[in-house]
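Order-wise, the sequence lines are chains A and B. What the first sequence shows, in the numbering used here, is residues 1 to 246, in sequence order. What the second sequence shows, in the numbering used here, is residues 247 to 559, in sequence order.
Derived by calculation from the structure, the hints in this document are not laboratory data. Just so it is clear, CB atoms sit at the ideal spot from N, CA and C, and this is done for glycine as well. Don't take every hint at face value.
Residues from chain A that face chain B, not an exhaustive set, calculated with beta carbons under 10 Å [as the list claims (entries may be wrong)]:
#, residue
1, 41
2, 45
3, 65
4, 85
5, 88
6, 90
7, 93
8, 121
9, 229
10, 239
Below 27 Å or equal to it, Euclidean Cα-Cα: the simulated BS3-like pairs (lysine-lysine) are [unchecked claim]:
#, chain 1, residue 1, chain 2, residue 2
11, B, 376, A, 222
12, B, 369, A, 25
13, B, 427, B, 272
14, B, 384, A, 244
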Amino acid sequence: MNILVCISKSPDTTSKIAFTDGNTKFDENGVQYIVNPYDEWYALVRALELKETIGGNVTIITVGNTADESIIRKALAIGADNAVRIDAEPTDAFFVATQIAEYAKKNNFDLVLTGKETINYNGSQVAGMVAEFLDVPFASQASKLDVNGTTLTLEQEIVGGLQIVEVSTPAVVSCAKGMAEQRIPNMRGIMAARTKPLEVISPSAVEVYTSFESYSLPDAKKACRMIDPSNMAELVDLLHNEAKVI
Amino acid sequence: MKALVYINTNHFAAKASFEAVTYAKKLGGEVTVVAYGNAAGAEALGVYGANKVLVDSSINEADNQQITRLVASAVEATGAEVVIFSHDLVAKAVAPRLSVRLKAGLISGAIALPETGNGFTCKVNVFSGKAFGNVAVKTAVKIISLLPNSIQPENVGGTATVEAFNGNVGAAAIKVVDTKKPEGSIPLPEADLVVSAGRGLKGPENWGIVEDLANVLGAATACSRPVADIGWRPHHEHVGQTGVAIRPNLYIAAGISGAIQHLAGVNGSKVIVVINSDSEAPFFKAADYGIVGDAFEVLPKLTEALKNFKNAN
């Protein structure tokens, strides 16, 4: 099975979130970038498990500049066979999806996997866009994925529950918790990653659909008001009269 | 601006639907709703400003390709300039497809009405709720996926006409084999009030005091990641970075320390109450009201105080 896994960089979960240039840019000072956890833990690892059981090839693709090769090497060290970097700043989801879809169209993948969202923009946009460009089914937020020939069986979250669905390949699947367990690359993987093929491709021109104009931070939280554990009537009164939530 | 609102089937009476229609109404133009399946109750959306509801009753279940075709047909039929979704699991699958199909820029997770003085920009949640972004959309047609609990539904007292609609939805590519929906419980993303607990509760047999409080409040129940991972509670109750992100009016957390990954799922809550026996628990920094105490004593006392309050009001 020929699998394409889309990965994105995101700031480490514990990074301080701040902005510069008049609040128009994310402040990268001191920020450690990692492979977006949903892409790495769930999409990539499940792709590798499928390859190990039924055979095939796992290609990873990202849209980014040379600095992003660290996340590519990490993904190769975990076990992907080869990598593609579209050499461009990932300006918005539509731009990224266009580049990925163009590559995918030329290379006949049975399965395109992504994480359910990135932890920086939380848009959940790229996978659905790629599916529409390729005109193939899209199973979103899947927590299980099994393959039987050309049939995928998936478990996915739906509003207020779970659904088991079947889809034929080729298809796009976005992966959520439950799909696989995180893998730590071993020394052999890290060494092998250095020599695995990395293809760098120039981006195609894309019309700008959306752009982030500025950012802001939430107002600082007021100090927490402490309430005596024996006086729950006071808490109820505050929730009713001050916070007005009950 | 002429707006089209997509509403999930059988969701004409859901609060998230009222919010989406109210949002569309506030854009100032004609508001059309599109849905599929059973049309019963659709006219009620007129109260929130819908002029017309288009229902394709040829299907009762639809996958995201079919819904994309349905909404695209409705945009064509109405000339809508803005398409509104409530940012749920259906919208997360359909809106990106529609963006490609209509060549329309998509704003995911909007939390406010757009600014239209200079271009078209909208405020969204980014960095898992730790910051906001202002996104500009440059395309003629715009798609907005609105985070639940971002605006208050407004009763404008209108009526909507319900019309049969052919959305040319085509065949389904995704076959549903089985659906599991827990009976009777309030779906977490839609809940206004949420009571949540973590490892501090010591075992699944102790969840009765959490459920008692939730029942008195009419709240949904949630839990932290470790609790779902050990299997004390079902996975759909897990809120946090890797679980569900929620924005209720009130979030009560008992026996949860408040790791950054947990906060990422609940920091959109209007009011946070934290109950923890450890006065150094990081969650108190994110809380509005805090109680340092044993959850096994505090939760029943809070339930009792709420019962008294409900009886008196």
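Taking the hints in turn, this is what the structure says about them:
1. 41: Hint holds; residue 41 of chain A Cβ to chain B Cβ min 9 Å, cut 10 Å.
2. 45: violated (14 Å)
3. 65: violated (21 Å)
4. 85: This interface hint is violated because 23 Å lies over the 10 Å limit.
5. 88: violated (18 Å)
6. 90: violated (14 Å)
7. 93: holds (7 Å)
8. 121: holds (6 Å)
9. 229: holds (3 Å)
10. 239: It holds, given that the least Cβ distance between residue 239 of chain A and chain B is near 7 Å, below 10 Å.
11. B/376 <-> A/222: OK: residue 376 of chain B and residue 222 of chain A at ~16 Å, within 27 Å.
12. B/369 <-> A/25: It holds: about 15 Å lies between the C-alpha atoms, which stays within 27 Å.
13. B/427 <-> B/272: violated (34 Å)
14. B/384 <-> A/244: violated (39 Å)
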